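Given only the sequences and the hints, what does the whole structure look like? Please build it.
These are the residues of each chain, in order.
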Amino acid sequence: MTRERTPDMEIPFVDVAGSPFRPPRRNDFAAFEYTYKAEVTRVHTLTAMETLYEIQLLDPEERRRFSFSPGQFVMLEVPGIGEAPFSISSSPLRRGAVELCIRKAGSLTTYLTKVPRGIRVGIRGPFGTAFPMERMHGENVLLIAGGLGLAPLRSAICYVQENRSRFQAVDIVYGAKEPSQLLFSYMYEAWRQDDIDLSIIVEKAGPLWKGPRGLITKRLKEILADRDHAECARNMYAIVCGPPVMFQYVCDQLNVYGIPMQKMFVSLERRMHCGMGKCCRCNVGSTYTCLKGPVFDYWTVLNLPEAI
Amino acid sequence: MLFRVFDQGELPILFSALTARHEVIGPVEAGVDRHGKPFYAFEPATDFRALRLAYTTTKLPAKRYFLPCREDLATFRTSGSDWSKTVEYNVDRPRVFFGLHACDINALNKLDKVLTGGDYPMPWYAAKRRNMFIVGVDCEPQPSCFCRSMGADTALSGFDLFLTGIGDRYFAEILSNNAYNLLRGIRAVEPGEEEHVLYRRAVAEKTRKYTARVDTTDLTKILDMEFESPVWKSWGEKCLSCGSCAAVCPTCYCYGVEETVDIDLSVARKTKTLYSCNLVDFAQVAGGHNFRPESHSRLKYRYYHKHRGFVEAYEESLCTGCGRCGETCLAGINVPDVIASVRGEGGA
Ligand SMILES: Cc1cc2nc3c(=O)[nH]c(=O)nc-3n(C[C@H](O)[C@H](O)[C@H](O)COP(=O)(O)OP(=O)(O)OC[C@H]3O[C@@H](n4cnc5c(N)ncnc54)[C@H](O)[C@@H]3O)c2cc1C
Ligand code: SF4
Ligand code: SF4
Ligand code: FES
Chain A
11 MTRERTPDME IPFVDVAGSP FRPPRRNDFA AFEYTYKAEV TRVHTLTAME
61 TLYEIQLLDP EERRRFSFSP GQFVMLEVPG IGEAPFSISS SPLRRGAVEL
111 CIRKAGSLTT YLTKVPRGIR VGIRGPFGTA FPMERMHGEN VLLIAGGLGL
161 APLRSAICYV QENRSRFQAV DIVYGAKEPS QLLFSYMYEA WRQDDIDLSI
211 IVEKAGPLWK GPRGLITKRL KEILADRDHA ECARNMYAIV CGPPVMFQYV
261 CDQLNVYGIP MQKMFVSLER RMHCGMGKCC RCNVGSTYTC LKGPVFDYWT
311 VLNLPEAI
Chain B
3 MLFRVFDQGE LPILFSALTA RHEVIGPVEA GVDRHGKPFY AFEPATDFRA
53 LRLAYTTTKL PAKRYFLPCR EDLATFRTSG SDWSKTVEYN VDRPRVFFGL
103 HACDINALNK LDKVLTGGDY PMPWYAAKRR NMFIVGVDCE PQPSCFCRSM
153 GADTALSGFD LFLTGIGDRY FAEILSNNAY NLLRGIRAVE PGEEEHVLYR
203 RAVAEKTRKY TARVDTTDLT KILDMEFESP VWKSWGEKCL SCGSCAAVCP
253 TCYCYGVEET VDIDLSVARK TKTLYSCNLV DFAQVAGGHN FRPESHSRLK
303 YRYYHKHRGF VEAYEESLCT GCGRCGETCL AGINVPDVIA SVRGEGGA
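For the record, the sequence lines run as chains A and B. Counting with our numbering, you get residues 11 to 318 for the letters of the first sequence. Counting with our numbering, you get residues 3 to 350 for the letters of the second sequence.
It should be emphasised that the hints constitute simulated quantities derived from the structure, not laboratory data. Keep in mind that a hint or two might mislead.
Calculated cross-link-like contacts (lysine-lysine; reagent style DSSO-like; alpha-carbon spacing at most 27 angstroms) [stated by the list, open to error]:
| # | chain 1 | residue 1 | chain 2 | residue 2 |
| --- | --- | --- | --- | --- |
| 1 | B | 130 | B | 61 |
| 2 | B | 208 | B | 223 |
| 3 | B | 223 | A | 124 |
| 4 | A | 47 | B | 87 |
| 5 | A | 220 | A | 231 |
| 6 | A | 302 | B | 208 |
| 7 | A | 114 | B | 223 |
| 8 | A | 187 | A | 228 |
| 9 | B | 115 | A | 302 |
Some chain A residues flagged as far from chain B (calculated, every beta-carbon gap over 10 angstroms) [what the hints assert, rightly or not]:
| # | residue |
| --- | --- |
| 10 | 40 |
| 11 | 62 |
| 12 | 123 |
| 13 | 132 |
| 14 | 175 |
| 15 | 254 |
| 16 | 295 |
Treat the numbers as computed from the prediction; the structure is a model and nothing was measured. The C-beta atom is built at its ideal place from N, Cα and C for all residues, glycine as well.
Right under this line is the structure:
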């Protein structure tokens, strides 16, 4: 690239920021396409559709620098195949590595199901807003997930486990279509051991299923029925992750039991091609999901036209 | 701001001083339409006589020079399962834009706000923008122009030199050192009170010629109130979801990204393609869910982004009032009519 200045009058010189591989800094050109090179270090099949990938950054310096909060997402890139946003499913304490729980949905996600461990991928991010875990210290927390919604929620669950003494009662309500679709089943025992009340409810199940059947809202009703509304309003937070139809039913119900909408957090999914507020694909009305979200409080969501 | 006045006969000298060293893009005649009227395009120009500085709005904006329709964001060299990534900003020389109208300069100013601002300035755009030299010229309002309603009829920044015709002379506004030096190569003098009067008269005369108008009073509020208004449905029924309006719009910048592998398999590319929010899969996500499946919801979104969201973020709308989208739309959908109908004035 020419860096020559034109000698006299006239025009600007070619003034392009130099090396593209500099550490990302605020307002630095190179931040835009900055990719952490990483390796798929573990592949764990969860269900027929979902696989958990452990991905570690290669550079030790970058590993130290890379950190995220529960609820944030990364862009995962396989050169020549594609790039897509995925919520981080792992504990924020683990520096330099993320776990992504990925459902087979298209070209990139299908490619990933076929690759052996050890392939090199690119990670951009982390991007977006996070669940305000610190604000919930000292309070009761209700963690609600439907289907793949457990992927972002798991990061919050890890946080709760690691800081269990900072929270009062913690309930997880997790709903799925059928037992074969339940994610992270190997974790359930550990959650219960950390004094987290886990209830699982499925819509359809064979005779072997001993647990409750139905929708999440049914289970929520049972949990919340004997609680004092004023109490809920004062010291209860909720995080709700799942398909958009779920938000409305679940959040409205929570509101009936007294939890203020500002204390309910949801994670929205939109199409995303940059993660940095430039491509506009993620807009809800005029709000960028990648910058102002994906985590929103429910009151904000209600005020966004077309959000749910 | 510094001002100069010079004879129109000096302009070719100024032009050749620029073409001597640089690529110069300017308005040239590109053909005649079915009414026998010429239409124009921004093309590289080397001959002053090919320039049409009295041109009417070009069909396509100058966007392709700073926001190309397709652009590689990165290339990857792959070997085995390993790869290395190279990011190129695709700029190797400065470019001169000779003869942009105020609306198109304002389009750049609006794009600057979103693309060069925030935590992640967009390097491909910013690098090209930094390496531009812009000479603006005044214009003759056309029936489709409503830039005055959008506050984009004059450019206050974002150019190097702006020329307004006053009789057989030009009244020049100078915004950069480069432009100042350039004017030293011709005979130009400081304007006096007489030229100030002529300039104000020229501007007042232009202002009188606008016919199209958009009422932007309280528009953000009205758009919120009328989100469910039936007029959107009736516009949506007309819209072909072809995306032409975004393609010709000087301020539309939305895009998609895709990755491909070159034939020899050792090079992969990440390519950005400008997209249009009117295209059907703009907001479709994995699992097949589409957040805006109907054409009316997409059309409405385009107006919301430009006239509401952008205003909220930057206190100006993402529309310059150039009128290109209305001129291009086969369904006759244009900003003044759409906004008027949303305001309940005039039918859809
Ligand atoms: C904030 C966020 C968090 C997410 N977290 C997870 C997660 O934890 N686990 C998970 O399995 N999935 C998650 N997704 C969805 C995931 O991004 C899509 O599954 C992925 O984009 C599909 O990529 P693909 O290349 O396999 O599909 P493609 O072959 O590209 O396309 C298949 C389908 O996916 C849609 N699609 C394409 N690109 C995108 C995109 N960039 N964003 C959304 N949809 C797209 C297309 O409309 C098409 O219908 C998340 C999405 C967002 C926005
Ligand atoms: S408004 Fe007109 S130009 Fe735009 S997508 Fe619809 S039919 Fe095409
Ligand atoms: S929306 Fe239409 S009138 Fe406004 S800037 Fe774009 S093309 Fe011009
Ligand atoms: S993902 Fe590109 S703007 Fe949000």
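Outcome of the hint check:
1. In summary, the hint linking residue 130/B to residue 61/B is supported, as the alpha carbons are separated by about 22 angstroms, within the 27 angstroms threshold.
2. Of the supplied pair hints, the one linking residue 208/B and residue 223/B is violated, its CA atoms being roughly 31 angstroms apart against a limit of 27 angstroms.
3. A hinted pair counts as satisfied when its Cα atoms are at most 27 angstroms apart, and residue 223/B with residue 124/A does not qualify at roughly 51 angstroms.
4. With a CA separation close to 9 angstroms, the supplied pair residue 47/A and residue 87/B stays within the 27 angstroms bound.
5. About 20 angstroms separates the Cα atoms of residue 220/A and residue 231/A, which keeps this hinted pair within 27 angstroms; it holds.
6. Among the hinted pairs, residue 302/A with residue 208/B is inconsistent with the structure: their alpha-carbon atoms are about 42 angstroms apart, more than 27 angstroms.
7. With a C-alpha separation of about 42 angstroms, the suggested pairing of residue 114/A with residue 223/B is violated against the 27 angstroms cut-off.
8. Proposed proximity of residue 187/A and residue 228/A is supported: the alpha carbons are some 14 angstroms apart, at most 27 angstroms.
9. For the proposed pair residue 115/B and residue 302/A, the alpha carbon gap of about 18 angstroms is at most 27 angstroms, so the pair holds.
10. The Cβ of residue 40/A does not lie farther than 10 angstroms from every Cβ of chain B; its closest approach is about 7 angstroms, which violates its non-interface assignment.
11. Against chain B, the non-interface label of residue 62/A holds: every CB pair exceeds 10 angstroms, the least being about 17 angstroms.
12. No Cβ of chain B approaches the Cβ of residue 123/A within 10 angstroms, the least distance being about 14 angstroms, so the stated non-interface status holds.
13. Here residue 132/A does not stay apart from chain B, with its beta-carbon only about 7 angstroms from theirs, under the 10 angstroms limit.
14. No beta-carbon of chain B comes within 10 angstroms of the beta-carbon of residue 175/A; the shortest separation is about 35 angstroms.
15. With a least CB separation of 8 angstroms from chain B, residue 254/A falls inside the 10 angstroms interface cut-off, contrary to its annotation.
16. The Cβ of residue 295/A sits about 6 angstroms from the closest Cβ of chain B, inside the 10 angstroms cut-off, so the non-interface label is violated.
Figure legend: structure checked against the earlier numbered hints; hints not met, in rising order: 2, 3, 6, 7, 10, 13, 15, 16.
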